[in-house]
Each structure stands twice: as structure tokens, then as C-alpha cells.
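Just so you know, the protein sequences line up as chains S and V, in that order. Heads up, the first sequence is in the numbering used here, so the first residue is 493 and it goes up one at a time. Heads up, the second sequence is in the numbering used here, so the first residue is 493 and it goes up one at a time.
No lab work stands behind these hints: they were computed from the structure. Incorrect hints may have been included.
Any copy, or any two copies together, can satisfy a pair, since identical chains are not distinguished.
[Claimed, not checked] When the alpha-carbon atoms are kept at most 20 Å apart in a straight line, the in silico PhoX-like pairs for lysine-lysine are as follows: (1) Lys767 / Lys717; (2) Lys629 / Lys695; (3) Lys629 / Lys648; (4) Lys717 / Lys751; (5) Lys754 / Lys717; (6) Lys577 / Lys640; (7) Lys717 / Lys749; (8) Lys692 / Lys550; (9) Lys628 / Lys749; (10) Lys751 / Lys589; (11) Lys629 / Lys573; (12) Lys692 / Lys767; (13) Lys573 / Lys648; (14) Lys595 / Lys640; (15) Lys550 / Lys573; (16) Lys595 / Lys577; (17) Lys767 / Lys695; (18) Lys595 / Lys573; (19) Lys589 / Lys749.
Number of protein chains: 2
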Amino acid sequence: MQIGIIGIGLIGGSIAKDLYNQIGIEVIGYDTSPSHCETALHLQLVHRIESIEYITEKCETIIIAVPVDIIANILPLILDKISDKQLVLDVGSTKQKICAKVKAHPRRNRYVAAHPLAGTEFSGPEAAISGLFRNKKNIICERALSAKDAVDLSLKIFQSLGMHTYFLGPQEHDKHLAYVSHLSHVSSFMLGLTVLDLEKDEKQIFNLASTGLTSTVRLAKSSPKTWSAIFENNSEYVEEALENYISHLENFLQLLKQKDTKASYQLMEEANDIKRVLNGIVAEK
Amino acid sequence: MQIGIIGIGLIGGSIAKDLYNQIGIEVIGYDTSPSHCETALHLQLVHRIESIEYITEKCETIIIAVPVDIIANILPLILDKISDKQLVLDVGSTKQKICAKVKAHPRRNRYVAAHPLAGTEFSGPEAAISGLFRNKKNIICERALSAKDAVDLSLKIFQSLGMHTYFLGPQEHDKHLAYVSHLSHVSSFMLGLTVLDLEKDEKQIFNLASTGLTSTVRLAKSSPKTWSAIFENNSEYVEEALENYISHLENFLQLLKQKDTKASYQLMEEANDIKRVLNGIVAEK
Numbered sequence: 493m494q495i496g497i498i499g500i501g502l503i504g505g506s507i508a509k510d511l512y513n514q515i516g517i518e519v520i521g522y523d524t525s526p527s528h529c530e531t532a533l534h535l536q537l538v539h540r541i542e543s544i545e546y547i548t549e550k551c552e553t554i555i556i557a558v559p560v561d562i563i564a565n566i567l568p569l570i571l572d573k574i575s576d577k578q579l580v581l582d583v584g585s586t587k588q589k590i591c592a593k594v595k596a597h598p599r600r601n602r603y604v605a606a607h608p609l610a611g612t613e614f615s616g617p618e619a620a621i622s623g624l625f626r627n628k629k630n631i632i633c634e635r636a637l638s639a640k641d642a643v644d645l646s647l648k649i650f651q652s653l654g655m656h657t658y659f660l661g662p663q664e665h666d667k668h669l670a671y672v673s674h675l676s677h678v679s680s681f682m683l684g685l686t687v688l689d690l691e692k693d694e695k696q697i698f699n700l701a702s703t704g705l706t707s708t709v710r711l712a713k714s715s716p717k718t719w720s721a722i723f724e725n726n727s728e729y730v731e732e733a734l735e736n737y738i739s740h741l742e743n744f745l746q747l748l749k750q751k752d753t754k755a756s757y758q759l760m761e762e763a764n765d766i767k768r769v770l771n772g773i774v775a776e777k
Numbered sequence: 493m494q495i496g497i498i499g500i501g502l503i504g505g506s507i508a509k510d511l512y513n514q515i516g517i518e519v520i521g522y523d524t525s526p527s528h529c530e531t532a533l534h535l536q537l538v539h540r541i542e543s544i545e546y547i548t549e550k551c552e553t554i555i556i557a558v559p560v561d562i563i564a565n566i567l568p569l570i571l572d573k574i575s576d577k578q579l580v581l582d583v584g585s586t587k588q589k590i591c592a593k594v595k596a597h598p599r600r601n602r603y604v605a606a607h608p609l610a611g612t613e614f615s616g617p618e619a620a621i622s623g624l625f626r627n628k629k630n631i632i633c634e635r636a637l638s639a640k641d642a643v644d645l646s647l648k649i650f651q652s653l654g655m656h657t658y659f660l661g662p663q664e665h666d667k668h669l670a671y672v673s674h675l676s677h678v679s680s681f682m683l684g685l686t687v688l689d690l691e692k693d694e695k696q697i698f699n700l701a702s703t704g705l706t707s708t709v710r711l712a713k714s715s716p717k718t719w720s721a722i723f724e725n726n727s728e729y730v731e732e733a734l735e736n737y738i739s740h741l742e743n744f745l746q747l748l749k750q751k752d753t754k755a756s757y758q759l760m761e762e763a764n765d766i767k768r769v770l771n772g773i774v775a776e777k
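Please build the complete structure, drawing on both the sequences and the hints.
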């Protein structure tokens with residue numbers, strides 16, 4: 493089976509890498525960046541590079557792994573061209589707008605809307621790593637709008653990457669992801685900016701930063717291209733989450749100013765409860 | 493040499509653990525919590541538990557590893573009792589108020605104000621790990637106010653833990669630490685609270701949280717006792733940092749609302765620059 497991967501960055505490249513050595517699979521790559529294509533070949537992420545037209549016409553499975561704004565643009569064009577034997581998968585981090593875009597498309601049933609929950613703060617084909625998806629979760633949205641064979645093949649592909657798939661509506665997906673992922677990225681980007689802004693003396697960041705800072709600003713290294721599209725596509729829920737976050741910070745600032753240590757202590761104790769929830773996550777791994 | 497450690501939590505316990513097997517050192521512990529004392533003995537962090545009076549009178553070196561508000565309270569009382577052959581070290585995360593408290597003390601020269609930059613989000617003696625300080629940085633403040641032999645012995649102790657010591661004024665220390673460490677903790681505590689607040693459905697945090705959330709809210713698991721004292725002791729700089737952070741978040745929120753993707757993209761690109769600074773840190777490790 494030929495699997496075509498459109499967009500060979502962190503996610504597309506990592507999927508490619510895990511599929512590359514599976515028996516009977518030929519991984520065909522496409523990327524608008526010639527240097528990404530070259531790197532993908534060099535790192536043996538893909539067997540061949542072909543045009544997007546080739547992939548659309550020939551590949552039994554087409555995986556779209558580009559920023560979410562571009563997915564929304566190219567997905568309908570790809571569905572226009574495929575036969576009813578092909579499968580089109582996307583792996584974007586927002587689902588509502590993308591799903592809405594193709595809801596009435598005559599080939600909607602050949603499309604499966606997916607979001608494998610995995611990643612790192614790095615980007616590009618150099619960032620591709622094998623095993624990125626192992627024991628992680630995958631979400632499929634609007635399962636009922638996809639043909640059964642398309643869903644089954646998608647499940648097999650994600651299973652071969654080591655993922656467990658869950659089903660959620662696109663709106664639910666975007667809401668929950670704004671809370672548990674997108675907000676973390678805003679928080680981290682702006683923390684990075686604040687530290688760079690306040691700490692004019694970079695030597696001191698270098699000297700004094702500990703593992704605490706490294707962990708909280710890790711996501712600030714993420715790709716602006718990927719994340720500006722996600723924030724725009726999911727603006728409603730991201731804004732809601734961000735407003736809530738700012739109001740918690742404002743409240744904490746007031747407590748500090750009022751020297752109300754008892755109240756700020758209590759808020760930190762409530763925040764500690766995230767330990768219990770996350771321990772559940774770790775325990776399940 | 494008898495080294496007395498007052499407060500056997502994450503930091504005191506980890507210091508104890510690394511000193512425990514060094515030739516010629518007997519580690520004497522004290523903690524107000526009887527269960528901490530029991531655990532410290534059981535985990536072989538300390539050779540013996542003694543009273544604070546015993547430690548003050550008998551130990552050549554006394555390391556104070558309790559929350560910073562308590563350090564400020566007990567440090568003068570300990571200095572009152574020691575001879576001019578003993579060394580008193582504190583390892584608190586703020587230095588200005590503690591140093592000010594003993595500036596005019598007749599035994600000021602037997603005290604060394606230190607801050608080993610290391611830790612985890614866990615607390616208590618169970619959280620003590622060996623090697624916590626290896627290849628990390630230590631700060632000593634007001635070196636000139638400590639006797640040379642006291643500084644030399646302190647340097648030896650931190651060196652035996654694998655640390656490199658730098659010298660900074662207490663005000664500079666507190667300012668930089670607010671930027672590169674304390675703000676990260678506020679950010680993470682409030683992020684934890686926001687996620688718990690927005691995401692009433694804990695099962696979804698559990699299902700959907702990825703490594704991104706785990707990393708940004710990690711510090712939200714930290715001890716409220718330790719951190720409320722740090723925030724109170726360093727309120728001026730923490731408030732400044734937090735105000736700056738909130739204004740960056742507010743600005744980002746406005747850009748999202750205005751759908752000004754170009755401007756938000758640019759901010760994320762600026763934030764990416766933290767990569768360069770942190771890579772320096774990683775490279776040096």
C-alpha cells in the first residue's frame with residue numbers, strides 16, 4: 493500500500509518514520525519546502541518524494557499533516573480528486589472548522605478527521621522521532637460521517653503507531669483541547685516573552701534558570717506557524733480559556749499585594765489537586 | 493565533622509543524602525514533624541535525629557533548609573547561640589529579607605547566605621534524591637560579610653554536592669530569581685487551577701492531557717508552604733514579574749480577538765528566542 497504524507501514536519505515526519513519499515517507499505521512524501529523533502533529522504537522518513545497530484549491520484553491512503561489553516565484549504569480540493577477507494581486522514585490539532593468545511597462534500601465518507609495527541613516543542617523533518625505516538629491517545633471526530641472501511645483502516649494505522657483511539661465530537665474536541673493543550677502553549681509562549689523582556693541580562697537567564705523555567709517555557713519553542721493557525725482556528729475556546737487564566741493570575745496578584753498569604757496558600761493547595769488528576773494519567777501510561 | 497540539617501524535606505533531605513556517605517561526616521537531622529524525622533532515619537538520609545538545641549550547640553556546620561519565612565525567624569536565634577568556630581548556612585530561595593535580618597548580628601560572619609538552584613515539584617523527605625545538585629548552580633550572597641573560613645567551608649560543601657558557586661548581591665538575586673523561577677511557579681499554579689476550573693470533567697483532563705500540559709503544570713504540584721513564603725518574601729519582584737506576564741497575556745488575548753494573526757505570530761517568533769538562551773543552558777550542563 494502506498495501511503496502519501498502531505499507535510500513532512502514533526503508530526504508527518506514522525507508518522508512516516510514509524511510507517512517506513514512496516515511490511516508492504518511505501519511512504520510517499522510531499523512538502524512545499526524543497527529542503528524538507530531533501531531532509532526527509534536523507535533521514536529515511538519517506539521512500540520517495542512525489543507531487544501532491546501524484547499522491548492524490550495514486551496513494552490508497554493520504555495523510556495531511558500541515559498547519560490547520562492549510563488543512564482546511566486543501567482538504568476539499570483533495571476530496572474533489574479522489575476515488576471512493578481512497579482514504580484521506582488529517583492529523584490537525586483543531587477539528588471544528590476543518591470538519592465544517594467538508595461536511596457536505598460528496599466524498600465526505602472517504603475522510604477521517606483525526607488528532608493524534610503527541611508532539612514535542614521542535615519542528616521540521618529533523619524533529620521527527622520514531623515512537624512519538626506509542627501509548628498516546630488519538631481522537632477521531634464525526635466517526636458516523638466516515639465510511640466503515642475508512643474508519644477501520646484509520647484505526648489500523650493508528651494502532652500500528654501504538655495509539656489508542658477515542659471518539660469525540662469536533663466541538664467537544666476543540667473545547668477540551670483549548671483547556672488541556674492550547675492554553676498551555678499560550679501560557680508558555682507569553683512566559684518566554686516575559687522572561688526575555690524583564691531579564692535584559694541574558695547571561696543571568698543562562699546562569700540562573702533551573703529546571704523549573706526549562707519546563708514551563710519548553711512549549712515557547714514551538715512553531716509559530718503551527719500554533720498561530722491553531723489559535724485562530726480555535727479562537728473561541730482559546731479566548732475563553734485565556735480569559736479564565738488571566739483572571740486567576742489577576743486574583744493571585746491582588747492577594748500578593750494585599751499580603752493575604754492565607755488565601756494565596758489556599759489557591760496553591762487547590763492547584764495541587766492537578767497532581768491527583770495527572771497521576772491518573774501517568775498511572776495509565 | 494557533624495553537619496546538622498534543620499528541616500529534612502526535599503532540599504534538606506537531598507543534601508543529607510549526598511553528605512551521608514562522605515568520609516568523616518555525621519549527618520544530624522532535625523525536623524518539627526516527627527514523621528519526617530522517622531522517614532529520614534528510615535531512608536538513611538541522616539545518621540541521627542537530635543534537638544535543634546543539640547545541633548546549634550554541637551554541630552560544626554548547621555544547614556537551615558526550612559521555608560524562607562521560618563529561616564528569617566530562626567536564623568538570628570541560632571546565631572545567638574553559636575561559637576565563632578561554627579558555620580551556619582541557609583539554602584532558602586529568597587535572600588534579601590533573610591540577609592537584612594542578620595546584617596548587624598555580632599555573629600554575622602559565621603553565616604553564609606546560599607541558594608542552591610535545584611529542586612523538583614515534590615516535597616518532604618520521601619522526595620529527597622541523591623545527585624539533585626550535581627552540575628547545578630549555587631548562589632552565595634554577601635560573601636564579604638562572611639568570614640573567609642566560613643565561605644571556604646561552604647564552597648567545599650557545595651562542591652562535594654557537585655555544584656558550581658556564583659556570587660550575587662541579595663537584591664540582584666531576588667530580582668533575577670523572581671524572573672527566572674518564581675514567576676514560572678505562579679504561572680504553573682494558576683494554570684493548574686484554570687484547567688481544574690474550566691475542565692469540570694476530570695476524565696477528559698485524564699484522557700486528553702498530553703506531555704505539553706504535564707510540563708507546564710508540573711510546578712503546580714509544588715509545596716504551598718514553601719512557595720507562599722517565597723512569594724511573600726519576594727513580593728516586590730514577583731508582583732512586577734507577574735504584572736508584566738499578565739500584560740503580555742492581555743495583549744495576546746486582544747490580538748486573538750482582533751484576529752491579528754500576523755501580530756500574534758510575530759510575538760510567538762520573539763518568544764522562540766528563549767530557545768537560543770536555554771540551549772546555552774543545556775549546552776553548558
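> When no copy is named, should Lys595 and Lys573 be tagged within, between, both, or neither for a Cα gap of at most 20 Å?
Replying inline: The answer is within: 16 Å in one copy meets 20 Å, while 79 Å across copies does not.
>> Reference check for the pair Lys692 and Lys550, CA-CA at most 20 Å: within, between, both, or neither?
In response: Answer is neither; intra-copy 54 Å and inter-copy 46 Å both fail.
> When no copy is named, should Lys595 and Lys640 be tagged within, between, both, or neither for a Cα gap of at most 20 Å?
Replying inline: Cα proximity of Lys595 and Lys640: one copy only (17 Å, versus 76 Å across).
> How do Lys767 and Lys717 come out at 20 Å by Cα distance, when the copy is not named: within, between, both, or neither?
Replying inline: The answer is between: 16 Å across copies meets 20 Å, while 32 Å in one copy does not.
> How do Lys573 and Lys648 come out at 20 Å by Cα distance, when the copy is not named: within, between, both, or neither?
Replying inline: neither (24 Å within a copy, 72 Å between copies)
> When no copy is named, should Lys717 and Lys751 be tagged within, between, both, or neither for a Cα gap of at most 20 Å?
Replying inline: between (41 Å within a copy, 15 Å between copies)
> Is the C-alpha distance from Lys717 to Lys749 at most 20 Å within one copy, between copies, in both cases, or in neither?
Replying inline: between (38 Å within a copy, 18 Å between copies)
> Are the CA atoms of Lys550 and Lys573 at most 20 Å apart within a copy, between copies, both, or neither?
Replying inline: So Lys550 and Lys573 pass the 20 Å test inside one copy only (11 Å; across, 85 Å).
>> I want to check one pair: Lys692 and Lys767. Are their C-alpha atoms no more than 20 Å apart within a copy, between two copies, both, or neither?
In response: between (34 Å within a copy, 15 Å between copies)
>> Checking an output row: Lys767 and Lys695, CA cutoff 20 Å. Within, between, both or neither?
In response: This pair counts as between: shortest inter-copy Cα distance 14 Å, intra-copy 33 Å.
>> Regarding Lys595 and Lys577, is the shortest C-alpha distance of 20 Å or less found within a copy, between copies, in both, or in neither?
In response: within (19 Å within a copy, 80 Å between copies)
> Is it within, between, both, or neither for Lys629 and Lys695, if the alpha carbons may be no more than 20 Å apart?
Replying inline: between (40 Å within a copy, 13 Å between copies)
The structure does not agree with the numbered hints 8, 9, 11, 13 stated previously, though it agrees with the rest.
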